[in-house]
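S.K.: Residue numbers (our numbering), protein chains in the order written: chain A, 1 to 394; chain B, 1001 to 1758.
It cannot be assumed that every hint is accurate.
[Claimed, not checked] Calculated lysine-lysine pairs in the PhoX-like style (CA-CA distance at most 20 Å, straight line): (1) A:Lys125 / A:Lys308; (2) B:Lys1080 / B:Lys1601; (3) A:Lys229 / B:Lys1716; (4) A:Lys157 / A:Lys193; (5) B:Lys1716 / A:Lys77; (6) A:Lys157 / A:Lys116.
[To be verified] From chain B, some residues computed to sit far from chain A (all C-beta separations above 10 Å): (7) Glu1095; (8) Leu1342; (9) Glu1350; (10) Arg1495; (11) Glu1507; (12) Tyr1542; (13) Lys1601.
Derived from the structure by calculation, the hints contain no laboratory data. Virtual Cβ for every residue (Gly too), placed ideally from N, Cα, C.
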Amino acid sequence: MDEEPERAKRWEGGYERTWEVLKEDESGSLKATVEEILFQSKRKRVIESHGQVRLGMMRHLYVVIDCSRSMEDQDLKPNRLTSTLKLMEAFVEEYFDQNPISQVGIIMTKNKRAEKLTDLAGNPKKHITALQKAVDSVCVGEPSLYNSLSLAVQTLKHMPGHTSREILIILSSLTTCDPANIYELIKTLKSLKVRVSVIGLSAEVRVCTVLTRETGGSYHVILDESHFKELLMLHVKPPPSSSASECSLIRMGFPQHTIASLSDQDAKPSFSMSHLDGGGGSGPGLSLGGYFCPQCHAKYTELPVECKVCGLTLVSAPHLARSFHHLFPLDAFTEIPEEEHHGDRFCQACQGELKDKSVFMCPSCHSVFCVECDLFIHDSLHCCPCCIHNQSGP
Amino acid sequence: VIELNTVHFETLLYDINSLCVCVSPSSCVVCVQGHGVLEMPSGTGKTISLLSLIVAYQRAFPLEVTKLIYCSRTVPEIEKVVEELRKLMEFYSKETGETNNFLALALSSRKNLCIHPEVSSLRFGKEVDGKCHSLTASYIRAQRHSNPNQPVCRFYEEFDAVGRQVPLPAGIYNLDDLKDFGRRKGWCPYYLARYAILHANIVVYSYHYLLDPKIADLVSKELAKKSVVVFDEAHNIDNVCIDSMSVNITRRTLDRCQNNVDTLQNTIQKIKETDAAKLREEYRRLVDGLKEASVARETDIYLSNPVLPDEILQEAVPGTIRTAEHFVGFLRRFLEYLKSRLRVQHVVQESTPQFLKDIFDKVCIDRKPLRFCAERLQSLLRTLEIADIADFSAVTLISNFATLVSTYSQGFTIIIEPFEDRTPTIANPVLHFSCMDPSIAIKPVFQRFQSVVITSGTLSPLDIYPRILDFRPVTMASFTMTLARTCLCPLIVGRGNDQVALSSKFETREDFAVIRNYGNLLLEMSAVVPDGIVAFFTSYVYMENIVASWYEQGILENIQRNKLIFIETQDAAETSMALEKYQEACENGRGAILLSVARGKVSEGIDFVHHFGRAVIMFGVPYVYTQSRILKARLEYLRDQFQIRENDFLTFDAMRHAAQCVGRAIRGKTDYGLMIFADKRYARADKRGKLPRWIQEHITDGSLNLTVDETVQLSKHFLRQMAQPFRQEDQLGLSLLTLEQLQSEEMLKKITQIAHQT
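All chains should be modelled from the sequences, with the hints used to inform the complete structure.
M.R.: Listed below in structure tokens is the structure:
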């Protein structure tokens, strides 16, 4: 298993009695226990069934990245900043993949100040390029929790009540330099229903514990790089929305992608409205086709977006559908030991032979899957292929 | 051994350690009426398990154990015990459904209990005592009959008139409850409490009330014999005993004493003119001797007073000091003699018999009248109706000294130093009359009460306490913590990154490399430890040197980038200010370092829970200042009398203070903290073996003699591990038990096993 995620270096970790985990079977072979260990590591995925919880589908998330001196620490390779930014890129992609109608903004804090790297926006490309640029920035001084929180709140507090307001702080430093009493700010955050979560890169800091406890967020401290990634990915899933948040109907536009045919003489290439702020200016600005707002006919090359002219949220139907699966998560498959399973010897999905010690069965259609397929179905597909097949079949 | 089900706990979750206390042989301390020594880490329910055990016993056999006397060190600790007790009682009444008639109360000094508007506004304890005395003394109150303008305390009057007849209703009273009750009724809470302890079931107070003979005589002498006495946080009990029996006399004391004697003389003159009968009456009483006290002691009502040995009581006060003038003359002579002794140019050390011989030769003072000095003075002060006793502290001190010096021929030494060692040019003569045997002060306690339990978080090595306190314990036990996760991480740092050995020993004290490496250690730790770090040095002088040197090397500046720095000073007000700011800085995420001194205020009474102390760094081994003559004399005495070698005692003393400092960080099972011992000498078996068991068992071979770098790596790893979510459910079944788990056969076996191991 070479592709096993790189843990902390052996000599950095604690003293482990690895040999005590292994036990010989009757024939004196270690193979069984080794396989068991590998199997367990695959199955490590947390099975949490939310039940029927209301989830915030439209999320507004500010990610605060600490760029203080301590980010130069090399316990994450090559250093904390580079590693964080790289994981953030993956996070942004995954985030928009899972929450297409949500928005993200990035704030960096260093030298006792906080500044916006990107504004709240729904375009992953913009964020990713900004993140890539930020790799070269120097890490100096101390972070300021207060400044970054208040900067984020300034924007978040204007967000409508039916959307979630979230802040995710990636904090490497153990100190913060605040201009005023942070406990006052925490009260304000609480009253504004802003949910603040923190991922600590070094150790548990008291303020963060209080901050997250008060605002209902989560607080985690990383163990190593792979744990960091895991923790970050936890935030991809939308949090349960509080019952107090208002619900309202939202106007949305579903523009069709139209391409003026080249034969049409009247068609002229035009700029997309999103190029107006010049931020997303990559690729040719002029194009023939695009999405046209059904209300004001402004043109956009990418969805989802909020119309610059009339403020309508423009999405496409697949986007909504993709957000949908959070509401109805696929039930966990039941694990059955292989001996007890009688029937098909092949996985329904990959058609491979079932060799592992246990197989997984979909509770509704009773199809059997192997571990890998089970993971793939729950993590990526979000629906059981056999159930779908049965529905459409007859 | 008591049945488990008679022991109740305040929650439905049972702490495994507390259970061990209850089933272990130590519980027989109460049953077989012997004495015991218990070591148990703080935060594992030591107080509650002892309380519930003894209360359960008290309920089961009300005639065997009539009273629990719980002695703690500071007022906050006393309050904590009362709160635990309140929880326990609430649980009792909830479980049994009946209201119980337990009376438990806390007692503290007048300063903490006074509700008189003028008196309670005074700042110092002594002033409050003096003022209170001037309002409540019996002759003052008698004077009021003739002179209605004489001010008295209305709370005391009210209490005296009504309060004595009405017993305090059953319940749990802490200091504030007593004050409230006093205010409601208009009774003096202090006297109410002092009166109520006689019939209370549980009394919580400071251990001076039992150990200091002067106070014990006033407060505790009438406590019932069938009591259980618990000394909590008792790792320093020998020093408390010694301090309570030692006297230091400086030239200032003597000057003030001179004034006192003059005042006495004048007052006697005045009284002689107006009321000679009073003095005659006193004379008659003295001829009869101190019979009253002796009768009382024979009938076993009183706790005996070590200052006032039994033989004295049988005798009449000797004729030479029977009349007031003669006594004052006697005091003058004694005073002059002491003055002449203080005029020496070189250090003198002598035993008490030598001193007595010398005083007889020089000023013809016999041993016998000296022995009666303290009693005689008290009697005189009473007769002369002197209201403000606080003014007479100097002469009281001298008379106590006289009585002690003539009573004990062993266990005491007299050292006269013309100047302090550090300032040989400034004359500041001091006469130390120093007690070397702590067992003298505590003896009456062991003799009188049927069981005495000495307990603390850090008592290792256990066997030394019975030896120096001279008693035979029925049980000695050291409990460890049963933990669901290893929440403490003791590391011994022996080398700097440049492989220079780290040590605070005398030869390398000034070594630049050592100081720099200590600085580096603190600097690197300040970068990886969140919130609060507490660093302990061996002495104020050493701390000042090191901090000055760090400042020159620019280390301080670097540290300040990570955390703020606060320093403990010898000034109490300044220190409490620093502490307050330190806690604020920890609270709001700035992070802080507190530099303090082992044996100082911070190391003794103050807890650094959770984020207030994520790491404790102990720079060096906190040996006591070994050049002190008092210490040398004590060591010699220990060697001769108890066969304890000097080095053993010094190491024991240093290690208990180190453990005490380091133990500040862990105050419970949910807490976690690093314990860093920065001295290579800690790695040696003789030092390591003297740490409490609950620390020792976490020191692995891998954590000995680390370099600074390795320490930082290990700390980082530990802190990350500890920051992972930890819930109460994780502890269930391991270190916490539900009722069902508790009753399971298997668990019971396990508990008994752990209990008997210890």
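S.K.: Tell me the hint numbers this structure goes against, listed in increasing order.
M.R.: none
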